[in-house]
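*Asks:* Please dock the two separately framed chains into a single complex, following the hints provided.
These protein sequence lines are chains A and B, in that order. The first sequence begins at 718 in the numbering used here and counts up one residue at a time. The second sequence begins at -7 in the numbering used here and counts up one residue at a time.
One should not assume that every hint holds.
With a straight-line Cα cutoff of 25 Å, these simulated SDA-like cross-link-like pairs (lysine to any residue) come out [said to hold, decoys possible]:
no. : chain 1 : residue 1 : chain 2 : residue 2
1   : A       : Lys837    : B       : Pro35
2   : B       : Lys16     : A       : Gln838
3   : B       : Lys244    : A       : Asn1498
4   : B       : Lys16     : B       : Pro26
5   : A       : Lys1366   : B       : Ser230
6   : A       : Lys774    : B       : Met(-7)
7   : B       : Lys127    : B       : Met(-7)
8   : A       : Lys1167   : B       : Arg167
9   : A       : Lys861    : B       : Asp231
What the simulated footprint calls covered on chain B by chain A, stretch by stretch (three residues with Cβ under 8 Å from a Cβ of chain A suffice, anywhere in the stretch; the number is not a length) [to be verified]:
no. : segment
10  : 223 to 235
11  : 240 to 248
No lab work stands behind these hints: they were computed from the structure. Source: prediction; values computed, not measured. Ideal Cβ positions, reconstructed from N, Cα and C, are used throughout, including at glycine.
Residue strings, one per chain:
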Amino acid sequence: MPEGTGIGASVRRREDARFLTGSGTYTDDINRPGQTYAVMVRSPHAHAKIKKIDKSKASAMPGFVACFTGDDMKVGGLPCGWLVKNQDGTPMVEPPHPVLAQEYVRHVGDIVAVVIGETKQQARDAADALVVDYGVMPAAVSLKEAVKPGAPQVWEQAKGNICYDWGLGDKAAVDAAFAKAAKVAKLDLVNNRLIPNAMEPRAAIGEFDRATGDYTLYTTSQNPHVIRLLMGAFVLSIPESKLRIVAPDVGGGFGSKIFHYAEEAIVTWATGQIKKPIKWTAERSESFMSDAHGRDHVSHAEMAMDKDGKFLALRVETLANMGAYLSTFSTCVPTYLYATLLAGVYTTPAIFCNVKAVFTNTVPVDAYRGAGRPEATFMLERLVDVCAKEMKMDPAEIRRKNFIQPSQFPYQTPVALQYDTGNYDATLDMALKMIDYKGFPARKEAAAKKGKLRGIGISCYIEACGIAPSAVVGSLGARAGLYECANVRVHPTGSVSIFTGSHAHGQGHETTFAQVVSEKLGVPLEQIDIVHGDTGKIAFGMGTYGSRSIAVGGAALVKALDKVIAKGKKIAAHLMEASEKDVEFKDGKFQVAGTDKAKTFGEVALTAYVPHNYPITELEPGLEEQAFYDPLNFTYPSGCYIAEVEIDKDTGTIEVARFVASDDFGKIINPMIVEGQVHGGIAQGLGQAMLETCVYDKDGQLLTGSYNDYAMPRADDFPSFEVQHSDKPTPCTHNPLGVKGCGEAGAIGSPPALINAICNALGVGHMDMPATNEKIWRAANAHAARAAE
Amino acid sequence: MYSFEYQKAGSVADAAKAATGEAKLVAGGMTLIPTLKLRLAQPSKLVDLGGLKDLVGIKAEGGGVTIGAMTTHAAVASSAEVKKAIPALAALAAGIGDPAVRNRGTIGGSVANNDPAADYPAACVALGATIVTSKRKITADDFFKGLFETALEEGEVITAISFPAPEKAAYMKFRNPASRYALVGVFVAKTKGGVRVAVTGAGEGGVFRKKSFEEALGKSFAGSALDGVKVDAKGLNSDIHASADYRAHLIKVMAKRAVDAAK
Chain A
718 MPEGTGIGAS VRRREDARFL TGSGTYTDDI NRPGQTYAVM VRSPHAHAKI KKIDKSKASA
778 MPGFVACFTG DDMKVGGLPC GWLVKNQDGT PMVEPPHPVL AQEYVRHVGD IVAVVIGETK
838 QQARDAADAL VVDYGVMPAA VSLKEAVKPG APQVWEQAKG NICYDWGLGD KAAVDAAFAK
898 AAKVAKLDLV NNRLIPNAME PRAAIGEFDR ATGDYTLYTT SQNPHVIRLL MGAFVLSIPE
958 SKLRIVAPDV GGGFGSKIFH YAEEAIVTWA TGQIKKPIKW TAERSESFMS DAHGRDHVSH
1018 AEMAMDKDGK FLALRVETLA NMGAYLSTFS TCVPTYLYAT LLAGVYTTPA IFCNVKAVFT
1078 NTVPVDAYRG AGRPEATFML ERLVDVCAKE MKMDPAEIRR KNFIQPSQFP YQTPVALQYD
1138 TGNYDATLDM ALKMIDYKGF PARKEAAAKK GKLRGIGISC YIEACGIAPS AVVGSLGARA
1198 GLYECANVRV HPTGSVSIFT GSHAHGQGHE TTFAQVVSEK LGVPLEQIDI VHGDTGKIAF
1258 GMGTYGSRSI AVGGAALVKA LDKVIAKGKK IAAHLMEASE KDVEFKDGKF QVAGTDKAKT
1318 FGEVALTAYV PHNYPITELE PGLEEQAFYD PLNFTYPSGC YIAEVEIDKD TGTIEVARFV
1378 ASDDFGKIIN PMIVEGQVHG GIAQGLGQAM LETCVYDKDG QLLTGSYNDY AMPRADDFPS
1438 FEVQHSDKPT PCTHNPLGVK GCGEAGAIGS PPALINAICN ALGVGHMDMP ATNEKIWRAA
1498 NAHAARAAE
Chain B
-7 MYSFEYQKAG SVADAAKAAT GEAKLVAGGM TLIPTLKLRL AQPSKLVDLG GLKDLVGIKA
53 EGGGVTIGAM TTHAAVASSA EVKKAIPALA ALAAGIGDPA VRNRGTIGGS VANNDPAADY
113 PAACVALGAT IVTSKRKITA DDFFKGLFET ALEEGEVITA ISFPAPEKAA YMKFRNPASR
173 YALVGVFVAK TKGGVRVAVT GAGEGGVFRK KSFEEALGKS FAGSALDGVK VDAKGLNSDI
233 HASADYRAHL IKVMAKRAVD AAK
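The shape of chain B in the complex, shown without the other chains (with noise of 0.2 Å):
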């Protein structure tokens, strides 16, 4: 890696003063460091979150869960909060990367990252989740923009996510065969406003809502009503992995499976 600066945050609002330029917010760091090792990033600064322990926990709230930031998978893959409120949560938090990564990666870090094979986008996305930050809060739907692109701004910390509980709800993923990331991972949620579909992994843009889905699991909420409803393949990645067109059809089996599994 290349020689930077690294500074320990004290508060969100010291992160948040010195996050500003060449600088670079450090959370669990299970993306950052590797990237920074292979020398693919030279951040000026590193402001670590690590010591921020307003920043991590996890607490029931309106029948939903707010979670901090700095709160690792293995904390939201364990916690009895979440089991009780979002087994579906739980789950996919306990079905990211290995258990080393389990340990350091934080919801946070794994948001603000918006990587486009990550699993939270999608239970972020599905569930109609808010992201707080230490300036405002934001609509999970307004938060993802695109390939590792979020409606943060510079200087912008996030503190917590807050999920709604779902009346049902189940996340499918099928991995990548060598990264284990999600080569489609679908997540479905049965809210109060109806039915959300996230997909991540598969678009081209990062994670998308499948409207298609939604509708159909509208007027019936079973895998079956799925069946007639067509996956276009534009826009889906295409790579030595996978194409579109089964990317596409993994799309489907996986909602699926998500809808007849939902709890």
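Chain A extracted, bound-state conformation (with noise of 0.2 Å):
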């Protein structure tokens, strides 16, 4: 491992003693001179209309200050970031989505009136005493119930409560393929639908400045320009130069702080009304019926093959549920996210996927870690498993057989993407190794001597991160850019601020970013400060979800790092009265080449802010540059991920008993770091696949509604997860650092890895997430008794 501070060094993370000590500043530490406080009132109810809101009680409780319902709040509805279009051509059905119900509520948690208090328990009290009168109505809560005729119709725009019927890829070429297929394996399945849980809840805190008229909005968001974009432009009607987002320490999001909220422009218009401070903080059970929740696909997926296990066409029909309203994102999720990653790793040579985005009278569904990729892993990894056990084959064997070869690169897929880079058999054969394969067999026979049914699970997947080339996904729908800003400001004694528009929610950037300026510059981590979160401060960005910020964020900083080198090459060159293009800058230091004439970075970067030597006609004085950056591509991290599982028959109790976990990331800033992110994303996602499912009952309520119901992993329900990087990377060939991302990576790769190695150990075709005790036990003793026979 490369000492020092640079590029590949495994840095230990300089943000931790901040948060480990309780020093951190979330949005809830901060408090505001003459803060007040807001609850938000929620329906109750699946779906009802507002038949009446009585505040008369409310406004005479003590401490009440404002209660403003739908009726007050007339302003623009919370806008759908993408577009996307039926099979026919036509456009999706976007219904609006109001910040405070207007006439009717589509799901319990749906926000009905905001009330604010002087404190926080005067406005509950307040909020409690607030009346209202609703006409409850029929709900359409699951995928399956929404989609029959006559369901009740959460929008009456949507007929069929559909959202949208989206198709990719060549449905003649894949059903001539299969019509010549020597076997086709299928798979219905379930992808089931999760709550996402960071660990600190959202909150908010708008702040009207009465002298300048300005709004601040504190909130807990992955990307504050993006939320003063939305609610800039689309709900408030406040000029970016009147709004100010600061997204401070953020404990967390997993994707579900991506999205513009109607709570942020609820507190940030009422604050400009009451003219003080307002705070609103989830309470954690708010949490569970407002955050915007992931995945919740139900699939059916063929593949054909042909006698050899080659495939030859794959066949996906998805419904997808989209809740109630369209947050943010949720539109590309299962589309553009989801159906371009169905070639996997393989040379399927056609693809077809039919997707219908459902409204139900649920919670709305977006992006969560992963986004789309995970529901597409964990179908074509199932069904390749279902392919191995049709035709016979070991599972690694079959996969292995149709890998798409290193020598194919650049790779166009079926499904619209090219991959630019990868190496699939060098983490297979990793993964393989760590796990000592070979010795499966028997470690099968000494669990059964135990009485225990023991299982292997194979998992190779692909993502698609970096998000994303504007022009590509504008062309796909997408109503934004995807591209990065970073700031670079080098001060007189050669210090150096970073502004980026990525934002760290728990990745550590204030680390592996330090590390990439370290690197360019020569200059110590202590210099190097890396400034996040606030659209005061940096001048633009997207933010920070899909696997994106070293991919772009990074790929801005360096470009932005190159800028000021090129500089300070200029200035050194003067001050040594060399030629520019004879100068170079290594280790820190700007050096006539072949000479020892030298200046430190330090001194160019003083004489910039002193210029009394200088080439003053020539350049500016002053050090700081921008630079934005577009990425040309996705990147594609790919892996292998395996999980060995020991079955307690009587109880159907199953434990993790190894799980190793082969990843290819191109190039590494920090190696640690990055596997501290698998071993997250793969807790998530063997979480998924163990523990965690949101059940809702038939008239919408939601029975998983707290800790005590909502199944989150725990660390002892795992083994310490067996991670290392693979032996043969492929560095991104279209980006500066050659990285390609590992956020979201072992949430993707893992559930399939541990219901292959379940289905292996049972002896059954598939069993839906997530597989709990009394599944397996039910499965386990079918299993006896088929042994029986």
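*Replies:* Below is the structure:
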């Protein structure tokens, strides 16, 4: 491992001292003078008409400040960031998304009113006193029920509750391939609905400055500039110049803090009404019913194969739950982040995927760690195991047989993406070796002697990260560009402040971004400050999601650093009376090539700010540069995960005996942080596979509304994962760092590995997630019954 | 939470006098405080037992142990007296909640609350414990009345719980994957008066004795003695975590494991 503080060194996370000693500043830690408190009054019904709201009792309560309903707050709706078109070319149904409910409520937790009090308790008491008269209506809750003829309609304009009916791929080619297939493997599966559960609940503080007319919103966001754009332009009509968004320390997001939420607009608008700061902090039970949920697909998939198990074509039909409203990125998740990944790491020549997005009376569903790619990977890697079973082939061998080979890159998939590079045999070989694949039969036998069922499961994932080339996503319906911005401010004595549009909420950017700076400029970490999360300080930014920070934000940073170095060379050349083209920059020094004449970075910085001896006619003083970077392609991290499980037939409990991961993230800035990301991602993925699931009853009441019922994974549910980086990494070919991104891989690759291992242990064709103890017990009993026959 | 009056009890008599009407006693607060935070309860007053030193402590008595009502789970788990007399009880206490809960939660609070998925009620019933209150002594069989219901009357305060030592005992808990409370918990005790089996977590009415198991184990105290005994799913909980059938099955598996582990 490289020493020092540059690229490739496992520098300890600089931000952790702050977080671990309770010195972080999260939104709820911020208090503004004269601050009031907001409580959201939420619908207890999944679907109802608001007949009457009576404020009289609430407004008489002690400490009452204000109460606003949908009638008071007539503003723009929360926008959806991605227009998806139907197969016939018509646009999706895009119903309004009011900030405060207008006439109807459409899910439990939908906001009916905001009550503001002088203290939090008073606000709650007053909110309790608000009388809302509802006319309860029938609700469409589950995907399968919502698409049935005669199902209750969430939106009148969305017939059959269909938001869009979208397709990708060559249907005719797929049909032709199926017609000549030797074998077809089929699979019905559900990708279970998840509730994100960031450690820090969402919070927002709105503050209006009477002197300037400026608004400030402190919020738990992964992308403050995006919130400024969406809320300012679409909802409240406040120009960017009068609106500052601060996303300070944020305690986890996993996607759920990308989106522009109603509460942000409510506190910002309401502070303008009452001219006092307003704080809202979600209680955990509010988070369960108001943070955008994740996943929730029902799919049918078929793979056509030739007689040797070579994949000929893939056909997929998916129903994707949108919830009651279209959240910011909801529409692109089950389309452009899902169907585009269905080639996986395989040469399947023809693919067609049909996705129907469905409205239901549930919380909106949007991107959650992996966003579309876990759904694609789970489906494909489960289906490949079904193919192996059908062909009586080893799961590793059928994968190997169908891998895209290193010689085939760049590889154009039949579902729009072009993979630039990869080596899938390398990560498969590595993982097989790590787990001792050949030794598995002996371990299975040893387990059987103890009365246990042991199984092994492989998953070879690929994801599209580094989101995203603006022109490409624009052509696919995105209403934004997805570049990133970085600003490098070199101070007179050579210390450096970096202003990045990426946002860290656990990722460790204050360490990794500083490592990139240290590597490029030769400046020690202590003199590098990473500033993020404030539109008042940072020029622009598209934020952090889709494993994009280092691949896009890091690339913008490199571009800006290169500009600093280029200017520094001009200054150094002037100081050393040399030609600019002879000046090299290395190890923090500007040196005239082939001589010992040199100026340190600090000397050059000082000269830039004390320009006594300076090429003033050709060059401005100062040393500060900014760059925007728009990627040329997505990045394609890939890897192989293998799970080994042991099942107790008597109880259905499952022990994850081992879990190995071999990932190809290209170039790695900080191996320790990357390893930590993979550990966390795997825990989240295994949480989905074993434990987590969101359950609504048929009336749309959320049954898993607290940790008593929503099963979060805990450390003692898992072994220590064995995580290694590919020994034959394939750096990204189109960004300056060669990085691919690592934030979502663990959550994308791990669920199918575990379910494949469970199915292998039980000898069953499929088991939907989460593989609960009871499901496993029932399957194990059926297994025992079959074995006895 | 809603606002309430707070009173720190100076004595058991003080507490008993105050705990009337809409007032509530608070021991460790591990259930009550979250309930208040969620505004699911609105007591007029909280009477805090926290300062009552004479309710804290463990005494070895007549081969068994008497545990003061305000003794924490952590104290029970680490007590040499409990480990010696009833190791199964110490192990049960060590498995309640998490360290924070074990260091705040008390045996008296748990028993008085009678959560249908709590661990202590199973131990009390299976071991034939006596609940000692400010007014009287109540056998465990008579004490637990149903979901969150006990024989406690208004103004009655639990002061201690006496556990006679069994010959052998063990507690086996199958945890709810979300809450980690008992989905099914079975406490088996071989006592002088016979075998007693108590089940928590599974029953619609809270803790209950499994008489058919007791009879079979009375004849032969071995896990295999339960092989032929049927467990009816009737009267068992069925929810998103486990069906009644699965709970019925687990009752037997946990009981067998408890018998085989008993010491």
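*Asks:* Which of the numbered hints above does this structure break?
*Replies:* 7
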